[in-house]
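Participant: The lines below spell out each chain.
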Amino acid sequence: MEKQRVLVVDDDREIVKAIAIYLKKEGLDVLCAYDGLQAVDLALNNEIQLIVIDVMMPKQNGLSAILKIREKRNIPIIVLSAKSEDSDKILGLSMGADDYVTKPFNPMELVARVKSQLRRYTRLGDINTTGRNRITIGRLSFDTESHVLTADNEPVRLTATETKIVELLMRNPGRIFPAEEIYRRVWNEPAFSAENTVMVHIRRIREKIEINPKEPEYLKVVWGIGYKIEEPEKGKLS
Amino acid sequence: MDIKSKSRKKGSFLSWLCFFLGVSILLTAAGGALFYAVTDLDGTRRTVKSLAENDVQKTREFQGYVSNLTFSALSYLSENTDEFSSQYPGLRGDAANLIVYGKNSKGDRVVSNINDDGKNRKLAEGLAPEGYNYLLSFDGENLKITRDGAVVYDTVDQIDRDGYESFLEPLADQDSAIWQNYPRLDKCRLFIAAAEKPAALDASAGGLSRVVTEVERKRLAFYAGICVTALGVILLIVSIALRARKAEFEKAVARLTGRLWVETKGIATVIFVIFFFLYTAVSRGTAGFFILLYLLFWYLMLIVNDIRFNPQFYRHSFFGAARRVYGDYLNQKPFQKRFLARFWQFAAMEVLLFILLLLFAFRAPPAACFPAAAMIALLYFYGRAVKETVSDFGLLLDRIASLKAGTGVPPLRFARESDLAAAAADLDSIESGISRAVEARVKSERMKVDLITNVSHDIKTPLTSIINYIDLLQREENLPGEVRDYVDILARKADRLKRMVQDIFDISKASSGNMELRMEELDLNKLLQQTLADMQENIDASGLTVRTLLPEGPVFIYADGNRLYRVFQNLIKNALQYSLEGSRVFISLQQENGKALAQVKNTSKYALDNAPDITERFVRGDESRTTEGSGLGLSIAKSFTEACGGTFEIRVDADLFSASVTLPLYAPDTREEAEETGEERKDDAPPEFPGGPG
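Quick note, the sequences are listed as chains F and W, same order.
Residue 72 in the numbering used here sits at position 62 of the first sequence, with consecutive numbering throughout.
Residue 490 in the numbering used here sits at position 450 of the second sequence, with consecutive numbering throughout.
These are computed hints drawn from the structure, not numbers from a lab.
There's no promise every hint is true.
[To be verified] With a Cα cut of at most 30 Å, we get these calculated BS3-like pairs of lysine-lysine:
(1) W:LYS143 / F:LYS125
(2) W:LYS635 / F:LYS230
(3) W:LYS533 / F:LYS224
(4) F:LYS93 / W:LYS184
(5) F:LYS174 / F:LYS93
(6) F:LYS218 / W:LYS613
(7) F:LYS230 / W:LYS613
(8) W:LYS533 / F:LYS218
(9) F:LYS93 / W:LYS162
(10) W:LYS613 / F:LYS224
(11) W:LYS143 / W:LYS162
(12) W:LYS143 / F:LYS93
Given the sequences, and given the hints that come with them, work out the whole structure.
Facilitator: Have a look at this one:
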């Protein structure tokens, strides 16, 4: 397979360099840019599969660069930003970014996100992603016949209980299930110590499906109410 | 500049002078004429008419002269008086123009100014001599005047063509005093002839000459009067054209008069008017009357001018000044003294008036109504003043209330004399002081947040590189053992720094009210259970026992679940970290008085002091509590709780550390909606959560 190429943009050269090191280790080809204009130039004149771009940059900021690039290219874009507020994230995503990573980030998490986006992007249109019996939420996809969950098109190994929990939540995306209900419907017995038991399983599922289990994006706790699976952030845009 | 203003002043004075002279002239000339015209319209008309007359014999002067001569002569001839020639000494010298001839029946009294018997005889026959066209003849009964042979006056036939009536009326009426008093009037004969064109005039001579010169003089005076009147009109027109300049002078005068107390002006006016009436009553002279009238006119003009340019002329009064001085004196005293002083004044005056009323009632009952009216008026004014003060009081109280409520109300503007003016001003300055302080605080708080936001963003960029390169270092395989240890320390510290930056950012956002909140209705009981479940690993690892005392059912509150999770996460972390080994951590939730009270209690490993500072930003609860975390956990818990509308309290009792989070319960009237979202929440939730297995 041909080497995939990633464009990394940040006005801090050391950050670009570090990211480049990590991505090259993963066998990716890396192009570097240090401001928005350069980024747009490189993105439009080269064959690239993904862009990692900072927001606050001289000459042209990241968001307007994304708008420019989006006019011509439909490749995944991951935004890097020091701004961590929800509103900043929503703004970035609404401008056409696919993912949002706040600085300072864990390098391995960034790599994982890059790989996740690349997998989804390059395998988009595969037969098994658009089956009739599939529930797809963002990078997660559940086959209701084979009872197999895939994340970024890679199968996730789940236990039987975990699979039941995931199926229940994936069949009702966005709906909040209290722990007692999950317990009753998965274990088929009256809930006892439900919160703790469910939480243990939720945590384990997160380890398998989330890029950063400490900051889950899909399998979320709605504090004081219950649990849900939902497409991250973009759900808040509507 | 100076010269210019001086010439300007001169100009304004001159234009006023034009006005003054013009008005004075018109007043004296036209006004005088008007006065005569009004008092004697007929006489005035005849005078004016005769002044325009060319024929001397038709003038009133001639008629009057002839009439007087007739009476004087008849008086002598009828032996009423014994002297004639001495009254008309100049007659003899003017014989060429006027001839008089008269005698009584006895012939012992004769009046004649010529010695020509021929002419006298001709006259006695009732014929005018040569050169004389005018003839007056009295035959003892009838007085007849002919001119150029035509009869112009006849007492018997009652002919009067030239208007002699007013002069000769006594002769025409047989019953008049003259017929009674002049004993032998019917025995008298008198003839007067006058020349048509008087010649060789000699005013000293008398006779017709004198009449003619008199007429000439009057005519001259009349024309002069018209000219002067015209001059007055012109001056007046000039002054009207220059009225702007004139107004300057008038303003200057008004400034001068404005300095006088209004009482002074009033007294002066009264004196003037009284003097005027006294004078007119005592003196019969018209000249003095006119001069006074004239002065009165200008005095009135002065007052009108004063009123015109000093619209509040009544303000500058002696009583007003005295009242202000007294008011200022009172105002220096405290309000309550002032109010009392005013009451005592009122009471004293009422008593005085009452005494006066009693006195009058005994002595002069009708006059008693004056003090009675004064008493009522005084009561009215005092009542009004009290009412004003009370309404000012009300406004002041309203303002204080609105100040407390924080609603914007325009500042009070009491009159200078108001008792509460000073208080209102004080209140305004307090308010502006408060709002300034609040503004300054808000501004500085905002600046602090901006600063922290910017700084934390600025720190994050280099921190990214630090974390990335430390991670790269950690991946190096050929590092010596101690270097690997160093790198691990760096990694831990960088991680802590990262958390600290985010925590500081969160705290500053929350405590300044700039945090984005997603408030929703949630079950605090469940939230606590979830948090405990979420932290089960930490609890297990700590070796501590967690005892929970949670209610059976849900405890609904309205808050941001994510923030509250952080609150309890931090509290539990704090408890796990600083509890004495083997001790128990107690977590409880109660509902009371419409509030949910969640508490986390633990026994501290270290001695606790300076408890109140524990939640203060950047102040660590205990200096020895280091190792992990940003040290901001409690601060975050406090500011997030407060952002969600709750209260946060830390209590320390010896080694017992207890944190209380109080949140208002969700209003029950909206509970129905809550049932929908949490339909299956019917609690099989255990009352007690099993603590960590130690």
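Participant: Any of the earlier hints contradicted here, and which numbers?
Facilitator: Numbers 1, 4, 5, 9, 12 - these are the hints that the structure violates, sorted from lowest upward.
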